[in-house]
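Peer 1: So the chains spell out like this:
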Amino acid sequence: MSKTALVVDDSTSMRQMVAFTLQSAGFTTLEGANGVEALSVSANTAVDLVVTDLNMPEMDGITLVKELRKRPTFKFTPILLLTTESQDSKKQEGKAAGATGWMVKPFNPEQLLATVKKVVR
Amino acid sequence: MMQIDVSRFRAAFFVEAADHLQSMEAALLQLENAPRDIELLNTIFRAAHSIKGASTTFGIEEVGRFTHVLENLLERLRDGFLSTSTELVELLLTSIDVIEALIANARDNAPLPENLDVVFRELQRFNSQSSGERQDPMVAADTSFNSSRSPSTSGRYRISLHPSRNFFAFGQDPLLLLRELHELGTVLQIHVDDSQLPPLSEIQPEDCYLAWTIDLETDASEQTLRDVFMFLDEDSRFSVQAASTEEAAATTTSNANPLSPAADLSVSPAAASGFDDIQKGNDPMPRSSSEAKNPSKQRSGENETVRVDRLRLDELINQIGELVIGASMVEQELLSVAAGRGLESMSALGKIVRDLQEMSLGLRMVPIDATFQKMNRVVRDVAKKLSKQIQFVTTGDDTELDKSVVDQISDPLVHMVRNAADHGIEPPEDRIAAGKPAEGVVSLRAYQQGGNIYIELKDDGRGLNRQRILQKGIERGLVDADANLSDAEICNLIFQPGFSTAETVTDVSGRGVGMDVVRRNVESLQGSVSIKSIEGQGSTITVRLPLTLAILDGLLVRLTEEVFVIPLLSVIESICIRPSDIRSIVGVGEVITLRGEVVPLLRLHRLLNIENQQNFDEQVLLVIVEDQGRRLALKVDELLGQQQVVIKNLEANFRKVPGVAGATILGDGRVALILDVYGVSTLPSIDSQNTHRFKPLEA
Numbered sequence: 001m002s003k004t005a006l007v008v009d010d011s012t013s014m015r016q017m018v019a020f021t022l023q024s025a026g027f028t029t030l031e032g033a034n035g036v037e038a039l040s041v042s043a044n045t046a047v048d049l050v051v052t053d054l055n056m057p058e059m060d061g062i063t064l065v066k067e068l069r070k071r072p073t074f075k076f077t078p079i080l081l082l083t084t085e086s087q088d089s090k091k092q093e094g095k096a097a098g099a100t101g102w103m104v105k106p107f108n109p110e111q112l113l114a115t116v117k118k119v120v121r
Numbered sequence: 001m002m003q004i005d006v007s008r009f010r011a012a013f014f015v016e017a018a019d020h021l022q023s024m025e026a027a028l029l030q031l032e033n034a035p036r037d038i039e040l041l042n043t044i045f046r047a048a049h050s051i052k053g054a055s056t057t058f059g060i061e062e063v064g065r066f067t068h069v070l071e072n073l074l075e076r077l078r079d080g081f082l083s084t085s086t087e088l089v090e091l092l093l094t095s096i097d098v099i100e101a102l103i104a105n106a107r108d109n110a111p112l113p114e115n116l117d118v119v120f121r122e123l124q125r126f127n128s129q130s131s132g133e134r135q136d137p138m139v140a141a142d143t144s145f146n147s148s149r150s151p152s153t154s155g156r157y158r159i160s161l162h163p164s165r166n167f168f169a170f171g172q173d174p175l176l177l178l179r180e181l182h183e184l185g186t187v188l189q190i191h192v193d194d195s196q197l198p199p200l201s202e203i204q205p206e207d208c209y210l211a212w213t214i215d216l217e218t219d220a221s222e223q224t225l226r227d228v229f230m231f232l233d234e235d236s237r238f239s240v241q242a243a244s245t246e247e248a249a250a251t252t253t254s255n256a257n258p259l260s261p262a263a264d265l266s267v268s269p270a271a272a273s274g275f276d277d278i279q280k281g282n283d284p285m286p287r288s289s290s291e292a293k294n295p296s297k298q299r300s301g302e303n304e305t306v307r308v309d310r311l312r313l314d315e316l317i318n319q320i321g322e323l324v325i326g327a328s329m330v331e332q333e334l335l336s337v338a339a340g341r342g343l344e345s346m347s348a349l350g351k352i353v354r355d356l357q358e359m360s361l362g363l364r365m366v367p368i369d370a371t372f373q374k375m376n377r378v379v380r381d382v383a384k385k386l387s388k389q390i391q392f393v394t395t396g397d398d399t400e401l402d403k404s405v406v407d408q409i410s411d412p413l414v415h416m417v418r419n420a421a422d423h424g425i426e427p428p429e430d431r432i433a434a435g436k437p438a439e440g441v442v443s444l445r446a447y448q449q450g451g452n453i454y455i456e457l458k459d460d461g462r463g464l465n466r467q468r469i470l471q472k473g474i475e476r477g478l479v480d481a482d483a484n485l486s487d488a489e490i491c492n493l494i495f496q497p498g499f500s501t502a503e504t505v506t507d508v509s510g511r512g513v514g515m516d517v518v519r520r521n522v523e524s525l526q527g528s529v530s531i532k533s534i535e536g537q538g539s540t541i542t543v544r545l546p547l548t549l550a551i552l553d554g555l556l557v558r559l560t561e562e563v564f565v566i567p568l569l570s571v572i573e574s575i576c577i578r579p580s581d582i583r584s585i586v587g588v589g590e591v592i593t594l595r596g597e598v599v600p601l602l603r604l605h606r607l608l609n610i611e612n613q614q615n616f617d618e619q620v621l622l623v624i625v626e627d628q629g630r631r632l633a634l635k636v637d638e639l640l641g642q643q644q645v646v647i648k649n650l651e652a653n654f655r656k657v658p659g660v661a662g663a664t665i666l667g668d669g670r671v672a673l674i675l676d677v678y679g680v681s682t683l684p685s686i687d688s689q690n691t692h693r694f695k696p697l698e699a
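Taken in sequence, the protein lines are chains A and B. Counting in the working numbering, the final residue of the first sequence is number 121, and the numbers go up one at a time with none missing. Counting in the working numbering, the final residue of the second sequence is number 699, and the numbers go up one at a time with none missing.
Misleading hints may appear alongside valid ones.
[Stated by the list, open to error] Distance ranges between label pairs, derived from CB positions:
| # | chain 1 | residue 1 | chain 2 | residue 2 | range |
| --- | --- | --- | --- | --- | --- |
| 1 | A | Lys117 | B | Pro111 | 52 to 58 Å |
| 2 | B | Ser239 | A | Gly26 | 32 to 38 Å |
| 3 | A | Lys117 | B | Thr305 | 33 to 39 Å |
| 4 | B | Asp37 | A | Thr28 | 39 to 45 Å |
| 5 | A | Thr28 | B | Pro111 | 41 to 47 Å |
| 6 | B | Ala34 | A | Ala114 | 43 to 49 Å |
| 7 | A | Thr28 | B | Asp411 | 43 to 49 Å |
| 8 | A | Lys70 | B | Ala34 | 35 to 41 Å |
[As the list claims (entries may be wrong)] According to the in silico footprint, chain A covers these stretches of chain B (three or more CB under 8 Å from chain A):
| # | stretch |
| --- | --- |
| 9 | 9-23 |
| 10 | 54-66 |
| 11 | 163-174 |
| 12 | 228-241 |
[Unchecked claim] Computed list of chain A residues with no C-beta within reach of chain B, every gap over 10 Å:
| # | residue |
| --- | --- |
| 13 | Ser2 |
| 14 | Met14 |
| 15 | Thr29 |
| 16 | Glu31 |
| 17 | Met56 |
It is worth saying that the hints were derived from the structure and are not from the lab. These figures come from a predicted structure and were not determined experimentally. In this text, a Cβ means the ideal position worked out from N, Cα and C, and glycines have one as well.
For reference, chain A alone in the conformation it holds in the complex (with noise of 0.2 Å):
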């Protein structure tokens, strides 16, 4: 069975490049323009990775890595970050929120599968 990941960003481009390099890596993919759309589209679905953007309008990443956590179907579920260098104090912020790890902007779709792997089996 294939794996599901939910990509979180209110870039449109970038969600469809992590959507689509992680559907090229065998993910069945969701989508949410920011938290709230997230949250919602994820509420039936067991999801095995989330990537989510930090800066994004309605809930922000942080909240939403909070949100997710409090979820049963999400205790274990490895979330990755997607931060920019000026963002260092964020990291932080979300491994204390629960995140799982973190991808640094800009990356591309190799480096992205290559931190993947570090979190999902």
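Go by the hints and put chain B onto chain A.
Peer 2: Only chain B this time, still in chain A's reference frame:
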């Protein structure tokens, strides 16, 4: 590893970057009046941040580099290290222009913006102004990826890993880390420390109790090994130590047959993953609990939209147009053979089809607010540059019109607005001297009336100077010196090619290429433009645009055997006259007198080269049309009725034909040409050498 071409996502990036820039600009303009509004600052920052992230990812380096510096500046602004000033807003607005140009450069190979370096340095200057101690992270190497894979000779390391109790709760899995190490080299020995494992009865299945020590022989650098653990949480510990050669050799000999980590560790991580699966498989807690918490948060206010390729949309609309034609053909067939139920059902179906068409046309409609918003900036820039005080007001921002009309009206509108602010509104001292408030008002209003959208640009400036316009018109040879022009005709001179009266050509409105281009653009959209002006009180320019370019209300007329469509908008009336009412004037051709006004008569048969049955009727049927304030009488054979027709582009399928705006398919499947009234009226002048066409009537 597979190669994924990221350039395929560029198109999406260009679209979203444009959106971001637009919201940045809007927020910046608001920021001028609310300098500490944190929401605005956040919006601006987020937009810049998004553009930077995506552009660097998609390899659009110039944009990334520029936006990065901009983002730093915005961050300082947001965090209160800098305060909003007019100068700063100005710089930020210019930066938006630069990014726009950089994106155009990446997309269409447009030239790089000339002020790129200047603006870049200016941004840096602002950055360094406010405690520039922060290191530029873009310069610092990306530690997670670019660093550390330096070639090194094979080494041995002792690596220990003590995951925290709640390791799994971070989505972590020790097995993955051990596997990664395994892939980096050869595991010489691995030891599991299970001393923390409680008795079975006390085990918390979700906790991690184990720790590992691994001896690894690898070519990888120490940094690479450390990177394996980059995501460890605060309470987990790890260490990587280079082992001395003898010690490692000793361990190698003492354990000649090392177990693979996966085999050795099958107990603990498998247990972990087992719980993982249980969690996913039969969820003990009902999911509804988490759902119930935030249903209200979903879908707040913002319009949800789906982006659709325009071609696909046009295709759909086109096909629905065909459906309408098909349905009306069936309806006519049925009408001739049957009656009763069949016809009834057909007319019900026909209604659905027409509703469907109306809905499909609605798909292309977008509000004009984005275009109006752009004008805000235009007015502001002119006002700043010329030290004028101008208030800009828009109404009817949510008026919708065809997307392609919106796209194409933008440039002419910029031009008009700029003109109004530049040439219309006077400097404050002049205004005060004229007894007006120092602040001028430029307003844009959009509204729908019938099948048209009207955009009205109004200023309370100096108005048009008739004397000067007339003089200029005479100088330019646009009018005869002794011509007796009406007020409206004088005003409309400004729409003539090469007309510009600004005494000093400002670098704001430029020269020459003015209102004539505006008029041409509007006309190419099947619209028209007119101006009203009162000297000393201001001007109002009204642009009339069709609601959509896809359908048209037409008057169907017959010429011999052919059916033509005259756009209903230009039709004034139709009349019957006697042939003896037609007169010939040398140099003009045939004319009729309509309520005292001399109106040129065009025989469409001749212009369109249609065989005319030489019938000498008692009556001549004429359709009076108006275009650009000029009336024309078109002679036709029969009026067939009024009908909404779907416009088929002739240029796309054939080529541009003068006098013909397009084609359509009638209910009976026949093709009819749609006349371009303006084009038709210019046909005689093109053909005026062919004097035989303009011989006075033989009859």
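Peer 1: Does the structure break any of the earlier hints, and which numbers would those be?
Peer 2: 1, 14, 17
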